[in-house]
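Enquirer: Sequence:
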Amino acid sequence: MRAMDEVPQAIAERVGRVALALGATLDDAAARALGGFVALVAAYNRRIDLTAARSEDELVDLMLADALVLAPHIPAGAGVVDVGSGAGAPGLPLAIARPDLRVTLVEPLQKRVAFLRTAIGALLPPGARPEVARGRGEDIARRGTRFDTAISRAALPPDRWLALGSTLAPVGDVWVLLAREEPPARAGRVIAFDLRYRWPLTGAERRAVQLVPAPPP
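For what it's worth, the working numbering labels the leading residue of the sequence shown as 7, then goes sequentially.
Simulated from the structure, these hints should not be mistaken for lab results. Some hints here could point you the wrong way.
Estimated spans, in silico, between C-beta atoms of each pair [unchecked claim]:
#, residue 1, residue 2, range
1, 144, 22, 23 to 29 angstroms
2, 188, 152, 23 to 29 angstroms
3, 22, 194, 37 to 43 angstroms
4, 220, 83, 35 to 41 angstroms
5, 19, 52, 17 to 23 angstroms
6, 105, 194, 15 to 21 angstroms
7, 31, 53, 31 to 37 angstroms
8, 219, 55, 36 to 42 angstroms
9, 193, 60, 37 to 43 angstroms
10, 81, 202, 18 to 24 angstroms
11, 198, 12, 18 to 24 angstroms
Every residue, glycine too, gets a C-beta built ideally from N, C-alpha and C.
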């Protein structure tokens, strides 16, 4: 049974409201898969504590909003790494909204890795499935694996994430996801986008900052 066919109406309606508020264009398959993803997180969260969301509104915002904000700003066909994926956001909904991307989800906890693999198998066809790597971002960096875009949400303090992200995407983009605080700075990186927005259902203030390699002098 595919999870996207079992989406509660209340979740489907919330997904539609978030997409509309953020100007995201989703086809029917992507909208169903995003709803299925949220429904799976809600079901598993009762057993293995995937997120700290306290309401369905907060859960839908937490799982989807950042990914839908980032989606238009990532180059076509990019290799994307999401470090500290947890329950999957923003990397898994980003992969659903942008099937052209090559997404790797990095997560150290086995119970969350198992959930991610279950969700991917239920929601996406074989040719469009992200890779799940158990470990930490530092493990991936030591292997020498490099990406076009590096993303993380709250896995590390912003300054430490920018340093690690710059190793993972040395000639690519690093996205720092914040609440209202100022973005970190790093020699050799400049801000290309500074997106301020609110999660549509809860009104939480958010900020997504893209840092790219500085142009040569």
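Enquirer: Take the hints in turn and mark each one as holding or not.
Expert: Each hint tested on the structure:
1. 144 to 22: 23 to 29 angstroms: At roughly 38 angstroms between Cβ atoms, residue 22 and residue 144 fall outside 23 to 29 angstroms, so the hint is violated.
2. 188 to 152: 23 to 29 angstroms: holds (28 angstroms)
3. 22 to 194: 37 to 43 angstroms: holds (41 angstroms)
4. 220 to 83: 35 to 41 angstroms: Between residue 220 and residue 83, where Cβ atoms are some 24 angstroms apart, the hint is violated.
5. 19 to 52: 17 to 23 angstroms: holds (21 angstroms)
6. 105 to 194: 15 to 21 angstroms: violated (32 angstroms)
7. 31 to 53: 31 to 37 angstroms: holds (34 angstroms)
8. 219 to 55: 36 to 42 angstroms: holds (38 angstroms)
9. 193 to 60: 37 to 43 angstroms: holds (40 angstroms)
10. 81 to 202: 18 to 24 angstroms: holds (22 angstroms)
11. 198 to 12: 18 to 24 angstroms: Distance hint for residue 198, residue 12 is violated at roughly 40 angstroms.
Hint check: violations occur at hints 1, 4, 6 and 11; the rest are consistent with the structure.
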